[in-house]
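**Q** Order-wise, the sequence lines are chains L and S.
Under the working numbering, the final residue of the first sequence carries the number 406; numbering is consecutive throughout.
Under the working numbering, the final residue of the second sequence carries the number 642; numbering is consecutive throughout.
Hints were generated in silico from the structure; no laboratory data involved.
Worth double-checking, as some hints may not be accurate.
[Unchecked claim] BS3-like mimics (lysine-lysine), calculated; alpha carbons at most 30 Å apart, straight line:
1. S:Lys439 x L:Lys59
2. S:Lys419 x L:Lys59
3. S:Lys539 x S:Lys419
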Amino acid sequence: MLAQFYDPLLGGHVDGGVVAIVLGKTLVAFGLLLVSVILMIWFERKVLGDLQNRVGPNKAGPFGLLQTVADGMKLILKEDLIPDKADRRAFVLAPYLSAIPAFVTFAIVPIGGGFDGEHDGTVEMFGHTTFLQLADPPIGVLLMLAMSSIAVYGVLLAGWSSGSKYPLLGAVRGSAQMISYEAALGLSVVTVVLMTGSLSTHEIVLQQSGDGYGGIVPGWNLITTGFVPFVIFYLAATAELNRPPFDLVEAEQELVGGYSTEYSSFRFALFYLAEFMSSITMSAIIVTLFLGGPAGPTLVGPAWLWGIVWFSLKLFVFLFALVWVRATLPRFRYDQLMNIGWRVLIPLALGWLLLLATINIARDEGWNLVAVVAGGFVVLVAGWSALAAAVNVAQRRRETEEELVT
Amino acid sequence: MGYLDGFKVTFRKLFEERLTRDYTKDRGGKRVKPVRLHGRHVLNRYEDGMEKCIGCELCAGVCPARCIYVRGADNPPDDPVSPGERYGYIYEINYLRCIHCDLCVEACPTEAITESKLFEFSFTNRQDAIYTKAELVVGDDGRPRRLPWEDWSDLEAVESNTSAWMRATSPSGNAAYEGRTAWSGELGFGVRAPELGQTAEGERTPGEEESAAIFEHPHVPHGPVAGDDEAHGAKP
Numbered sequence: 001m002l003a004q005f006y007d008p009l010l011g012g013h014v015d016g017g018v019v020a021i022v023l024g025k026t027l028v029a030f031g032l033l034l035v036s037v038i039l040m041i042w043f044e045r046k047v048l049g050d051l052q053n054r055v056g057p058n059k060a061g062p063f064g065l066l067q068t069v070a071d072g073m074k075l076i077l078k079e080d081l082i083p084d085k086a087d088r089r090a091f092v093l094a095p096y097l098s099a100i101p102a103f104v105t106f107a108i109v110p111i112g113g114g115f116d117g118e119h120d121g122t123v124e125m126f127g128h129t130t131f132l133q134l135a136d137p138p139i140g141v142l143l144m145l146a147m148s149s150i151a152v153y154g155v156l157l158a159g160w161s162s163g164s165k166y167p168l169l170g171a172v173r174g175s176a177q178m179i180s181y182e183a184a185l186g187l188s189v190v191t192v193v194l195m196t197g198s199l200s201t202h203e204i205v206l207q208q209s210g211d212g213y214g215g216i217v218p219g220w221n222l223i224t225t226g227f228v229p230f231v232i233f234y235l236a237a238t239a240e241l242n243r244p245p246f247d248l249v250e251a252e253q254e255l256v257g258g259y260s261t262e263y264s265s266f267r268f269a270l271f272y273l274a275e276f277m278s279s280i281t282m283s284a285i286i287v288t289l290f291l292g293g294p295a296g297p298t299l300v301g302p303a304w305l306w307g308i309v310w311f312s313l314k315l316f317v318f319l320f321a322l323v324w325v326r327a328t329l330p331r332f333r334y335d336q337l338m339n340i341g342w343r344v345l346i347p348l349a350l351g352w353l354l355l356l357a358t359i360n361i362a363r364d365e366g367w368n369l370v371a372v373v374a375g376g377f378v379v380l381v382a383g384w385s386a387l388a389a390a391v392n393v394a395q396r397r398r399e400t401e402e403e404l405v406t
Numbered sequence: 407m408g409y410l411d412g413f414k415v416t417f418r419k420l421f422e423e424r425l426t427r428d429y430t431k432d433r434g435g436k437r438v439k440p441v442r443l444h445g446r447h448v449l450n451r452y453e454d455g456m457e458k459c460i461g462c463e464l465c466a467g468v469c470p471a472r473c474i475y476v477r478g479a480d481n482p483p484d485d486p487v488s489p490g491e492r493y494g495y496i497y498e499i500n501y502l503r504c505i506h507c508d509l510c511v512e513a514c515p516t517e518a519i520t521e522s523k524l525f526e527f528s529f530t531n532r533q534d535a536i537y538t539k540a541e542l543v544v545g546d547d548g549r550p551r552r553l554p555w556e557d558w559s560d561l562e563a564v565e566s567n568t569s570a571w572m573r574a575t576s577p578s579g580n581a582a583y584e585g586r587t588a589w590s591g592e593l594g595f596g597v598r599a600p601e602l603g604q605t606a607e608g609e610r611t612p613g614e615e616e617s618a619a620i621f622e623h624p625h626v627p628h629g630p631v632a633g634d635d636e637a638h639g640a641k642p
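The task is simple: from the sequences and hints, build the whole structure.
**A** Shown next, in the form of C-alpha cells:
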C-alpha cells in the first residue's frame, strides 16, 4: 500500500539517468531556495517599508533588488570573530544546525506537477516518470517535524556556546518557546494526517486536489480539518520561526541580538539565511498541508506548469502574510507567549484532534453525525471550562500563597 | 474585530503616498540648500591671499563640542601670514565631534571661519576626520578645497556660497556695529560687505553706509599679490 506513494522514478531499475535526474533536482531545489531567500529578504524589507510608509532598500540595483547580495558580500568580507570564552566546536557547528534543516525540509515539498484532479502529479522527465519534488519519503511529515526540532539545537547551541549572557538568555527563551510550540504544531499536523491517512506530502497534496465540494470550494485540508488546525499551525509555525510577534529569542531591546549576538561575518550570514529560509520552507509546508500545495485547475497549457503557478501564488500569499504580521503586531510578553502556547493552542489542538477522530469513527460506523458533532462540542466546551477553572484556581492559590509569604 | 484593526492600518499604508523621499541626488540633482545650512567649515583669506585667522582662539573657547584646536603664533615680520599681529599657527577641527552649531562662526571677530554648505563627507579613519589648516583654508581661488572623501558633485547646490550666520561681534571690528546683533547674508569669499541689519533691506544708518562703502571698495592694505586680483575678487 505504501509503496505506491514512492516516487516512481526510484521504483524501477536505477540507472545513470535516474541518478542524473536526482542530482539535477537537488541542484535545482538548492538553487531555487537560495534565490528565493535572496528575493524574500528583499521582498520582506521592501514590503515592510511599504507597510510602514517608508521606501525600503532602493539603492543597490533596480528597486534595491541587489541589496541582499550587497549585504551578503559585506558580511562575508567582515572579520570572523570567535569569542575567547566560546566553546569553539559548538560555536562553529550551530549556524549549520540552523541552516541545514531548512534545506532538508524543503526537499519534501511538492513544488509543481499536475494536481488538477485528472493527473496524479507526475511529470515525464527524459523518459522517466517522476514527481516535481526532491524527495517523497513515506514519512515526509515526520521528517518535517524532526527537522524543525533540530533547528532548536541551532538556537540553543549558538546561545550556549557563545559564552556570553545575552545569547544564553536568548537561547533559553528560544528553546523553551520552540519546544512549547512544537507540541501544538505536531498536534495540528496530526489532524491533517488523520484526514489524509498518509504521511507522504505527495499523497497529502493528491488527496486535496480535484473538484472539492461542488467544484467551487476546493477540497483543501484547510476546510476538511475545519480551519482551526490551520490557525493553530500558522501561529505555532510563526513561533517556531521566531518571527515577530514571537521573536523573543532576538528581542533587540532586551537581549541585544539574542542568540546570534556574538556571531559575525559568514556565520551570522548563515543564521540570517536560515531565518528567511525557514520562513519560506514553513510557508511552503503550510501551503502543502492545508492549501493543497500545487493543486489547482489547469487552464491552458501543461498541467505541471499550472501546479508550479498555483504553488507559487499560495506561497506568495503566506510570505506576504508573514511580513504583514511582522509590520503590525508588537512582540508578546514572555508569560503571554507561554500562556498562548500551553493554555490555548495545545488544549485546542488536542480537543480538535479528538473531535475529528470521533467524527471519522462516526462516519465509518454509520452513527448519527449531528448528534456526534453536537456531543463532541459539548464535551469540548466542558473540558475547556474545566481547564479554565483549574487555571483560575491555581492562579488564586498562588496569589494567596504570595500574600502569606509577604 | 478590535484585535485585527491593526492589520487594516498597516495594509492601508501600502496605498498611501510615501512620506520618505528619495535622496535628492536621484531626482535631478540636489536641491538648492537653505541659506543658513551649516556644513563643513572653511578658513577664509583676504583677496591678497592673507589668512583672516588671527589665532585668537575665540572659536575654540566658544565651541560646545570642544572640537576646535587652535594655537596662535606671532606673524613672521618678513613673511606675514595674516594682516594682524598673530596668525593661526595650528587650526584643527575634529568632525567626529563637531555639531555644526555655528557658534565658532559667530564668535570669530575677523570672519575667518565660516561654514560652507557641504555636508556629504565621510571618512574611513579618524585621522581623516580631523581637518587641519591645510584642508580648511580656502584655495587660491577663494573656494573651499575639494577633498577626495567629500561629495562636491553638484556644485550649484553645494559650493556657491557660504552659509549665512548671525554675528555676535561687529564685523571686522567696525565700530558702527558694536553691540548690534545682525544677520549676514550669503556672501562669497574674501572680505564681505557688512549686513544691512535687521531693519528693512536698504535702510542703512549713516554709520552703516560709511562702513559699507569701505567694504564694497576694499582698501587693500598689504598690496595685491601679483596676478591675484581677478581670482580673489569678492562678490560685489
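**Q** Take the hints in turn and mark each one as holding or not.
**A** The hints, checked one at a time:
Our distance criterion of 30 Å between C-alpha atoms is met by S:Lys439 and L:Lys59, whose separation comes to about 23 Å. At roughly 22 Å between alpha-carbon atoms, S:Lys419 and L:Lys59 fall within 30 Å of each other, so this suggested pair holds. Only pairs whose Cα atoms come within 30 Å are accepted, and S:Lys539 paired with S:Lys419 is rejected, the gap being roughly 50 Å.
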